[in-house]
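Novice: One-letter residues, chain by chain:
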Amino acid sequence: MLTMGIDVGSRSSKCVILDDGQLLTYGSIETGPNIVKTAQAVVEAAVNRRTGLWGEYRMPLPDVKVDHLKIEDMACIVSTGYGRAVVPFAHHAITEISCHCRGAQWFVPGVSTVLDVGGQDSKGIRVGAKGEVADFVMNDKCAGGTGRFMEIVAEALQVRLSEIGPLSLQSTKVLPFSSTCAAFGRGAAVAMRKEGERKENILAGLHESIAKRVMALVSKVGISDKFVISGGIGRNVGLVNKIEENFAGLKVNLPQEPMIVGAVGAALFALDRAQKKAKAGQSETLEGCDEGH
Amino acid sequence: MSDASLITTEELATRLKMAAEGIKKVPGLMKSSVGYMELLQKYVERIATAKEKGKFVATHGTQQPIEIYEAMDVVGVFNEFWGVVSDVVKLESVPEALSISASTGTPGEVCSFFRNMDGLLHVGKWPRTDFFLYATSSCDNVKAFHTLGRRYGIASFGMERPHYPFTSRALDFWKNEHKRLIAFLEEQTGKKLDYDRLKETVRLSYRLTEICLEIDKLVAHVPSPMSSECFGGVLLALRLMCGTQDAVDFLTGLRDELQERVDNGIGAVKEERFRVMWSSFTPFFDPKLMGFMQQKYGAVSVCEMLARWRGESKWMLDPDDPLGNLAYRTQLAPGNCQYAPSIDWAENSVAQARIFTADGAIFNNNWGCKQAAGLGPIVRDELLRHCGVPTLTIACDVIDNTFTSRADIEAQLDGFFEMLEGSKAYQERRAHA
Amino acid sequence: MAVVGIDLGSQSTKVVILDGDVILGGASLQTGESAETEARMAVQEALRQAGLKREDLKAAVATGTLAVPVTAALNIAALKQRSAASCIATGAYFRFPQARTVLYVGADSSMAIRLSADGQVEDSVKNERCAVSSGALLDIVSRMLEVPVEELGPMSLQATAPETVSSRCVVFAEGEILSFIHRDPPVPVPDVIAGVHQSIAAGLWGMVQKLGVPSELLLCGGVARNAGIVKAIEAHLGKALLVPAQPQYVRALGAAVFARQMEREGVASC
Amino acid sequence: MNAPLQTLNEMQRATSPFPESVTVKDWKATGRKVIGWVNPYVPEEIIHAAGMLPFQVAGDNEPVQMQGAEAYIYSNTCSYIRTCWQLQLDGKYGFLDGLVSCSFCDQDKRLYSVWEYYKKLPYMDILYAPRKRDEEAVHLYLGDLEDFRDRLSQCRLSRIPDRDVANSIRVYNRGRELMHRLYELRKRDRPPVTGAEALEVSKAAARLPRERFNELMEQLLDEIQRTGRQIKKARRLMVIGSDLHNTNQVAALETLDAVVVVDEMNCGIRYAWGQVDTQLPPMEALARYYVLGRPVDMHTWNSDGRLEFIGEMAEQYKVDGIISEIVRFCTYNGWDKFDLKKQMAQRGIPILELDLEYGHPAGAQVKIRAEAFMEMLESRAG
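Protein chains in written order, with the working numbering: chain A, 1 to 293; chain B, 294 to 726; chain C, 727 to 996; chain D, 997 to 1378.
Hints were generated in silico from the structure; no laboratory data involved.
Note that the structure is predicted; figures quoted are calculated from it, not measured.
Glycine is no exception: its CB is placed at the ideal position from the N, C-alpha and C atoms.
Watch out, some of these pointers could steer you wrong.
Not everything, but these chain D residues come out facing chain B in the computed CB check (under 8 angstroms) [to be verified]:
id, residue
1, Y1124
2, K1128
3, R1129
4, A1133
5, V1134
6, L1136
7, L1138
8, D1140
9, F1144
10, S1149
11, Q1150
12, C1151
13, E1280
14, W1331
15, D1335
16, E1374
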């Protein structure tokens, strides 16, 4: 049974197709101004096994042809992320919170705390005994601890986002970021640069300040042993290290492909719904699992 | 969260001792700057050693009758002071405490004096405290004393004050609140208050007020004799150690030194170019800023609203009614009008600007202070209207040095002092002097 | 007698070469290089335009937060520093002596200044902590909507029903704007941009009012090139703004005017 | 689908346009005065007894753009206070003959100072709202009330007699009784009104002459009785925290499969709770009611009392979850956050904390939290 999860984020979109819960294929693209087009394009990316955002695939994919797959072949499709409500061919829309919680367990069984640092909002999720969301918290009021902050600074320093992590590891000192405000962060970074500071040291300071922010955030739901970081941030070694440094004794579990955790969660929810319908003895047509409408 | 950078009481005490030694070797500083450091160190020492001396410790907010604590052998820890002195000896401590506070769910928009306390309590690095004492007359944040008190099992007592503190009914009520405070302390400590001792601490406290007013007269001189490194000394003696002989001795020494400097025409700086008043509070978040202003701009701090008495401040009404005196004292005490209606603070600022012939005012708009946020514009307008003193408003956090960068503040100061120099009012004042 | 004004902003460096009342050359660089290098390059470029050599520069004034580190690097006969506020005021007054309030909106900071009749700074305020009322938001919007910054203004003028942004945080404002675009049907681009302009203008207007209700209001800084912002502020003011040509150079120009003054007073020769 | 409540429409008609409604215009047309009040420690009864219309100063369903308010009150204050002042700057409160406030919090206090300094009204007054709940506090507050009555008497040039105060107390008690009844009805498994509708009702109470409101309130209860109205939603919610007057903020929650059945707000339950004792001398009775007679609010130092009340209400109204809406920069709510979460956890009631700008409708940031919260409640329900 094929199910699909589509995660349309504010910056990037991902699509995952599962076959009876086994990863069949996935893809990613940047989110464009038009969500509907983006949604269709990311499905294309998945069936053609393109992952535009970050080059190589980290997950092993079964060696079967998938490029013939169509939306109609899916038993159920669940959308999540920023544009979840406007994906025309999705049967259900479920929030990132639930999807990251679900997806994280698929990658790291027994996970108890999930941190997802997204484009605009960072989320801390405590996973309950039954794998449900027991509590969650999101950053509000200020974007100081978000991926956007990193993008802005990376851009100001003219370093590709994928490189800021490795680069920061070469730092010789940690320059304190005088401003944790994302908007002012840009000015702060450029100013330091102009004062002749080295990029890696500025980035180390950036990661330090974001690590403090997000850990203060996730602490609100309580941090427990099995700690998972999902989302693009999981690819930033610099930040992950700083998080471990700043939180004594914490060992971060990284999903193999942190970017698709939400989409996987969505695809798993899709599977539930499809199976539920199947049990209910109804056909697995679109209408079949289409109870949300 | 990591808590490596957090300051402990013991660390504070030792570092201050070192600082006091170090400052002796620094050339060109006032004698009293050593005295100030020693007084600071004494204050912290008292707290650090309270336990072994078998004394009770009270963490308290502003506008508290410290004289009563002194008379009952209760050692006071002024919660706001803790953040300030942490910045003096270890700048990293406060930001770390604040992020710990944030991790407990306390929002970043409440006063960082209290968030600092919140964070340190959470990891057990706040000075050991037997009870919390507070009063309406500081701000809404005193509610934290109640909530944190319950959270950490520390008894607390709050004193209430009417909105208009100056009516006779308000005075009677406020005096009665003092009685209730004493009852609370007697119950907590199991000791009765010795009223003769209270009379003595109140007498010392009044003496302190008198010397303080003499110091004001000296600081009002042009050029002002008081250098920035002593500026905080008055505040410390006045608001944290009133009722102690130590405070009286320090201020007496300071007064004599200032007198001597005035007689010999010695000013805080070689060439006094600007006289600055702090119309909310001095830059606790950047302990070196005032010294820096002296050097770079010849800008001397002449007055801080938190250390200014109201008028003559003859509050010793009846030596045999210490509580009556104390109740009245709070009405006139420094920083008191912060609690009163904005216009009251503004008028007081105008009066002070005249006494100290200030050229400009700096209003630190403390991010977490809702009183300041609604006060700044009125104070600013009144100062300009009545004595042509312009105001620079700095958006800052009272003790979090990471909130605003020094570069940013310097840029604003550059503009401000250039502006002052160009202004008519300033040139006239200079012509006078 | 040629003099130079150098504006070392946190983002870019701008240089103006002035001789009497004539602007001989100007340059604006955003290189990401160290401030010294960038300043040297900018001065070179301005000299090239003016057809002058470094020795021809009789005086220089630098301004901006980074003025301190670079002064040495420039090795110009006499180089002094003046604050951003003074330079903005002087540059504005040089262009429009009738201006009484000057509103400067830069990349990530903004400032309002009240002037006396003779161009002296009487009072000034800086934008508050959240950066919505600065150029930062415009850059982001232009990237999101894939509309070049210089086209934002003209495009917003076609708006019919602007969607205002309520958030004070640039990044969250970005989020709000995203939700406009992703709405079904999406909010027309001109309405989104016009809404952003209105929100920025409202913030700026609030700041200006801290100095009292302005009579003659001058708008400068890079953002002043945006016709939409100008329109939105004029809606509050109820009359036309004074907008100098090449408003992004006003601060450097002010510095140059101070340099000219130095040169005339002979401060430079020592 | 339920038909809209006719009487509620009538209430809305009578209170619009906001704030200078047709009712206010009619009132002023007869030469009578309107006195604005800012927070729950201003006893409307005394203003009513003076023959004046007490009118709550607040925002409404339209978000207010700050354009100048921050020149008087810096932006690091709660947006409720800045909204009130912005509305004043926009000339919306030009109809007020007076303003009465309380030093309930630092920000109320400053709003009053700013108003007094920049836009002095013919009558202005401010009282103290005790932080403690004991006899001394009652005594202190009573003193302020007597002063208030004296000054207001001078303003209308004749003493406000006890019997008029006593009469006003009866009128307002009746209003509270009726509002309380509506709260009782909302305990039903299928409440007759949504949270949004209930909020509109308490807003009307603070903006209409109380006699008129009482009539309408009786009508409303009849209408509910008559139509047998029922709201069918899967989840029951409680809204607590800072006052909110933009009904859309509640309505936004109710677009999800949920209905708000109870709240813990000054402009909600606290405004409807308890009765002033008619046996005591009227002024003392008022003091007792305002200090001791209402559920503990966020400004009192006894926050345990507040949290217990929240927990009890949550249980009585069988809510599935609590939405805590805090207007940014609110000191009191800020300091209750930690214990609120802890105590509700002990009672097994999930809580969603939202930080809002006063009056601004739920943006994407808030929507996703609310939806995720509903998903969480669903998975708990299993």
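Novice: Was the hint right that E1280(D) lines chain B, CB cutoff 8 angstroms?
Specialist: violated (16 angstroms)
Novice: Next item in the hint list is Q1150(D). Is there a CB on chain B closer than 8 angstroms to its CB?
Specialist: At about 17 angstroms, which exceeds the 8 angstroms cut-off, the nearest Cβ of chain B leaves the hint on Q1150(D) violated.
Novice: Closer than 8 angstroms between Cβ atoms is the bar; does A1133(D) clear it against chain B? Give me holds or violated.
Specialist: Where the cut-off is 8 angstroms and the nearest Cβ of chain B is about 7 angstroms from A1133(D), the hint holds.
Novice: Just to be careful: measuring from the Cβ of S1149(D) to every Cβ in chain B, is the smallest value less than 8 angstroms?
Specialist: Violated, because the Cβ-Cβ distance from S1149(D) to chain B comes to roughly 18 angstroms (cut-off 8 angstroms).
Novice: Can you verify the interface hint for W1331(D): is its Cβ closer than 8 angstroms to any Cβ in chain B?
Specialist: holds (5 angstroms)
Novice: Tell me if the interface restraint on V1134(D) is satisfied: Cβ within less than 8 angstroms of some Cβ in chain B.
Specialist: Violated. Min distance 12 angstroms.
Novice: Have a go at the R1129(D) hint: is there a Cβ in chain B nearer than 8 angstroms to its own Cβ?
Specialist: This interface hint is violated because 11 angstroms lies over the 8 angstroms limit.
Novice: Against chain B, run the beta carbon of E1374(D) and see if the smallest gap drops under 8 angstroms.
Specialist: violated (25 angstroms)
Novice: Under 8 angstroms is the threshold here; is the Cβ of F1144(D) close enough to any Cβ of chain B for the hint to stand?
Specialist: Violated - the Cβ of F1144(D) stays beyond 8 angstroms from chain B, reaching only about 11 angstroms at its closest.
Novice: Under 8 angstroms is the threshold here; is the Cβ of L1138(D) close enough to any Cβ of chain B for the hint to stand?
Specialist: Where the cut-off is 8 angstroms and the nearest Cβ of chain B is about 11 angstroms from L1138(D), the hint is violated.
Novice: Does D1140(D) pass the interface check with chain B, least Cβ-Cβ distance below 8 angstroms?
Specialist: Nearest chain B Cβ about 7 angstroms off; hint holds.
Novice: For the restraint on Y1124(D), tell me whether the closest CB of chain B is nearer than 8 angstroms.
Specialist: holds (4 angstroms)
The structure is inconsistent with the numbered hints 3, 5, 7, 9, 10, 11, 12, 13, 16, although it conforms to all the rest.
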